[in-house]
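Take the sequences, apply the hints, and build the full model.
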Amino acid sequence: MRKLILSHATEFALFCVIAVICAFLSFATDRFFTLGNAFDLLNISAINIIFAVGLLVVLIAGGIDISFAVAASVVQYVTALALQGINGGGWVSGFLIAGGAGIFLGLINAFLIHQFRIISIVATIATFNIYFGLLMFFTKGVSIYNLPDWLTTRVILYEREMADGSWSEITLPVLVMAVCAFATWFFISRTTIGRQIYAFGDNPEGARRFGINIGAMQYIAFGWLGLMAGIAGLMQAHYAQEVVPNALYGRELDVLAAVVLGGARLGGGKGSVLGCVLGVLLVSITQNGLNLMGVSPFAFKMIVGAIILVAITLSNSRIETLLPMLAAGKSGRGQGR
Amino acid sequence: MNALAARFNTIFGADMAGPFAALAAVLIFFGLASPQFMTGATLGSVAFQLPELGILTLAMLLPILTSGLNLAITFTANIAGLTVAWTLQHYGGVDAGPGAFILGCVLALAAGAASGFAMGFVIAFTRAHPILVSLSMMIFLRGLGEFLTRGGDVSGFPEFIAPIGYGSVLGIPVPLIILLACVLCWHILLSRMKLGFSAYMLGSNIESARYSGINTRKVLVLVYTLSGAMAAVAGIIMLARFNSVRVGHGESYLLITVLACFLGGINPFGGFGRVLPVFVALIVLQFLSSGLNLLGANQHLATAVWGILLLTVMIMRWVWAKFIKQLT
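Taken in sequence, the protein lines are chains A and B. Note that our numbering has the first sequence beginning at 4, numbered continuously upward. Note that our numbering has the second sequence beginning at 10, numbered continuously upward.
One or more hints might be untrue.
Computed spacing ranges between beta-carbons, pair by pair [to be verified]: (1) B:W327 - A:R268: 39 to 47 Å; (2) B:I197 - A:S29: 51 to 59 Å; (3) A:T155 - B:G257: 23 to 31 Å; (4) A:G144 - B:R326: 28 to 36 Å; (5) B:V328 - A:R211: 18 to 26 Å; (6) A:S29 - B:Y175: 51 to 59 Å; (7) B:F332 - A:R157: 25 to 33 Å; (8) A:F107 - B:W327: 19 to 27 Å; (9) A:R157 - B:N224: 53 to 61 Å; (10) B:A330 - A:V313: 37 to 45 Å.
To be clear, the hints were calculated from the coordinates, so they are not data collected in a lab. A virtual CB, placed ideally from N, CA and C, is assigned to each residue, including glycine.
Structure representation (structure tokens):
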């Protein structure tokens, strides 16, 4: 047990923080600790978690991607237009088109990064501007409202009537999220290619000399993120029942913050699906709790930002640097720095 | 040809070649494509639009040189603008005197510097990644601003502020003069001062900088403080240009400033790059968007073209390093 905690320090710390927040909220509000609220939380977080597990793979591979959220917007638009073109379609064709378009956009990033040796943040900032600029230019900012019926109808997987007569339900995005999270976990921790991605992210040159195909790693990591972004885009369109070109603009930084909060290292080689799910959940539980406590919605982001800042500060600093006296006392007359 | 290149390099520095080539290409292309391009009107609009983006880019430049990023610059600028606006309102809104404005500017610079200081402090002492620290500061400042303004505008300023956004002295727009002064400050800071030198050293290799006796923590804190203060200058200019302050003004500039830095030859890992090529890169970006405007395109297409330009420059560099350097 102790070994498990030590090897998953970030995840464990996050879990403790979430547990403390949940315990506090359960006493502070009577609505928080209910099944209905837990379902709400899952429904709200689902799309961000799908984005997050995709971004996680790219971060583990030592890259960073700024463009995935606007890529998802492009995918939404392309999918909506393609579905109109084939007169409706269904869930299968929807997932195929969205996933395919997402992978294509992700592979463009990987191509630029691998072929021309452009650093990933430079390449994806460029593609971010290109995707978003072209999307807004060609669509003129016009939203699509007449989506096929199957896409806008809420799919309820499980529902239960609460004591007060309201219905709490789990919807399709939660199932998709669970599948994506499980698939990513299996991919990065149980397959050879996944382990190679860790090795590549930790030390690209070492991985190359070990015989790992570096180009394939880049294409697979960015392709995976593209696939996840495409699926998340489709789910967002399903959830919002409309396609708005700039709806996901700005989402990339929120997701990035949550993923890194969950222990993924900018620079590669480290990160887990559990940590990244917990990172997203911490942010949404905080927002949900503030909402239930009747805090002004305008204050949400401020408090969330402050919590992330404190969490980073705590998770990155050792006890010694924060409390020099304590460390000096513990190690006797050790090297005081 | 080689002698010419050598002379160019001694006068301007080797890193100026890319931005100057891009500038020449843009001027020639739009000069041929649109007869109105080579006129005073274009020059005027570029001169007035350049400063906001330019000063924000300067704020982004310093952290990138130390191999960091400051993603909070646009919202720092908003908070600084709000500080000025509230100071003016406190002293009578439209009737406030120049004294109130100067006090507001000082407070705004202090607010910007304070946000930068907080980030620099966390980055220097916890070694947390700058992207993450500045990202959470950005989320915090955006929330703070939205909380304080309830998402609305703050406006109603005295008339003497308008010239800062629209006035001219000897035919040179006032915002451009402020930008040039800031560029000069940064140039001197980076090429003549100890702090600038230390910042380069930090960006190249923070450990060896520390072992050679540079107080890396102090340098990091100062760099982010200066970056925050520079963002505050941009906030004051935005206030004068829009004649109002709203949280979210200039938000779309954030990633453009990073783009401008990379276009100006700043090394994404820090340690290398100068101010003047970045300044030229900014002029290129602004001419591009003005030229596209003349041809009937909108700002969104210009944004896409900016991205394509960045990719083109990066691919050219790759081609240069792979093929042309081997030949000579």
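Against the structure, the hints:
1. B:W327 - A:R268: 39 to 47 Å: violated, 27 Å
2. B:I197 - A:S29: 51 to 59 Å: With Cβ atoms ~58 Å apart, the hint holds.
3. A:T155 - B:G257: 23 to 31 Å: holds, 30 Å
4. A:G144 - B:R326: 28 to 36 Å: holds, 34 Å
5. B:V328 - A:R211: 18 to 26 Å: Roughly 23 Å apart at Cβ, these two residues keep to the hinted range, so it holds.
6. A:S29 - B:Y175: 51 to 59 Å: Given range 51 to 59 Å: holds, Cβ gap about 56 Å.
7. B:F332 - A:R157: 25 to 33 Å: About 56 Å separates the Cβ atoms of B:F332 and A:R157, which means 25 to 33 Å is violated.
8. A:F107 - B:W327: 19 to 27 Å: holds, 22 Å
9. A:R157 - B:N224: 53 to 61 Å: Given range 53 to 61 Å: holds, Cβ gap about 59 Å.
10. B:A330 - A:V313: 37 to 45 Å: holds, 43 Å
The structure fails to meet hints 1, 7 from the earlier list, while all remaining hints are met.
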